[in-house]
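Q: Sequence:
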Amino acid sequence: MQETEWEFAEIWADTLISHPYILMFVKEVSGKFCIHDSAQNYKVIFSSDNYESAKMWLLEYEYERFNSRILQQV
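Reading the sequence shown from the start, the letters are residues 1177 to 1250 in the working numbering.
Honestly, I wouldn't trust all of these hints.
PhoX-like mimics (lysine-lysine), calculated; alpha carbons at most 20 Å apart, straight line [as the list claims (entries may be wrong)]:
{"#": "1", "residue 1": "K1231", "residue 2": "K1219"}
{"#": "2", "residue 1": "K1203", "residue 2": "K1231"}
{"#": "3", "residue 1": "K1208", "residue 2": "K1231"}
{"#": "4", "residue 1": "K1219", "residue 2": "K1208"}
{"#": "5", "residue 1": "K1219", "residue 2": "K1203"}
If you anchor each label on the Cβ, the simulated ranges turn out as follows [what the hints assert, rightly or not]:
{"#": "6", "residue 1": "L1192", "residue 2": "D1225", "range": "28 to 34 Å"}
{"#": "7", "residue 1": "N1226", "residue 2": "I1193", "range": "15 to 21 Å"}
{"#": "8", "residue 1": "Q1248", "residue 2": "H1195", "range": "18 to 24 Å"}
{"#": "9", "residue 1": "E1181", "residue 2": "E1238", "range": "26 to 32 Å"}
{"#": "10", "residue 1": "F1222", "residue 2": "T1191", "range": "16 to 22 Å"}
In short, the hints are calculated from the structure, not lab data. Source: prediction; values computed, not measured. C-beta atoms are modelled at their ideal positions from N, C-alpha and C, and glycine is treated no differently.
Based on the provided sequences and hints, a complete structural model is requested.
A: Set out below in structure tokens:
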């Protein structure tokens, strides 16, 4: 993943398959919400200007949030 200033990250997974497929959902300091694919060297596969539309994209593809939010340490 390229170096980006971020505020928080969430791990989302497709748990319906035998080996969970992992995506990382990141809120960047710039205000963008980006979804990174861990299987593609954390390439951005979706981005949005708001949390809800990025979250809806994940839910549409049946991803589930895997853990609590990870906050950037200041």
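Q: Compare the structure with each hint and give your call.
A: Checked hints:
As the CA atoms of K1231 and K1219 are separated by approximately 18 Å, the hinted pair is consistent with the 20 Å bound. Taking the CA atoms of K1203 and K1231, the gap is near 11 Å; set against the 20 Å cutoff, the hint holds. Taking the CA atoms of K1208 and K1231, the gap is about 13 Å. The hint holds against a cut of 20 Å. The straight-line distance between the Cα atoms of K1219 and K1208 is roughly 15 Å, inside the 20 Å bound, and the hint therefore holds.
Simply put, K1219 and K1203 have alpha-carbon atoms about 15 Å apart, close enough for the 20 Å limit, and the pair holds. For the pair L1192 and D1225, the supplied restraint of 28 to 34 Å holds, since their beta-carbon distance comes to about 29 Å. The hinted window of 15 to 21 Å between N1226 and I1193 is violated, with their beta carbons roughly 29 Å apart. A C-beta distance of roughly 29 Å is found between Q1248 and H1195, which places it outside the suggested range of 18 to 24 Å.
With their beta carbons about 30 Å apart, E1181 and E1238 fall inside the hinted range of 26 to 32 Å. A C-beta distance of roughly 19 Å is found between F1222 and T1191, which places it inside the suggested range of 16 to 22 Å.
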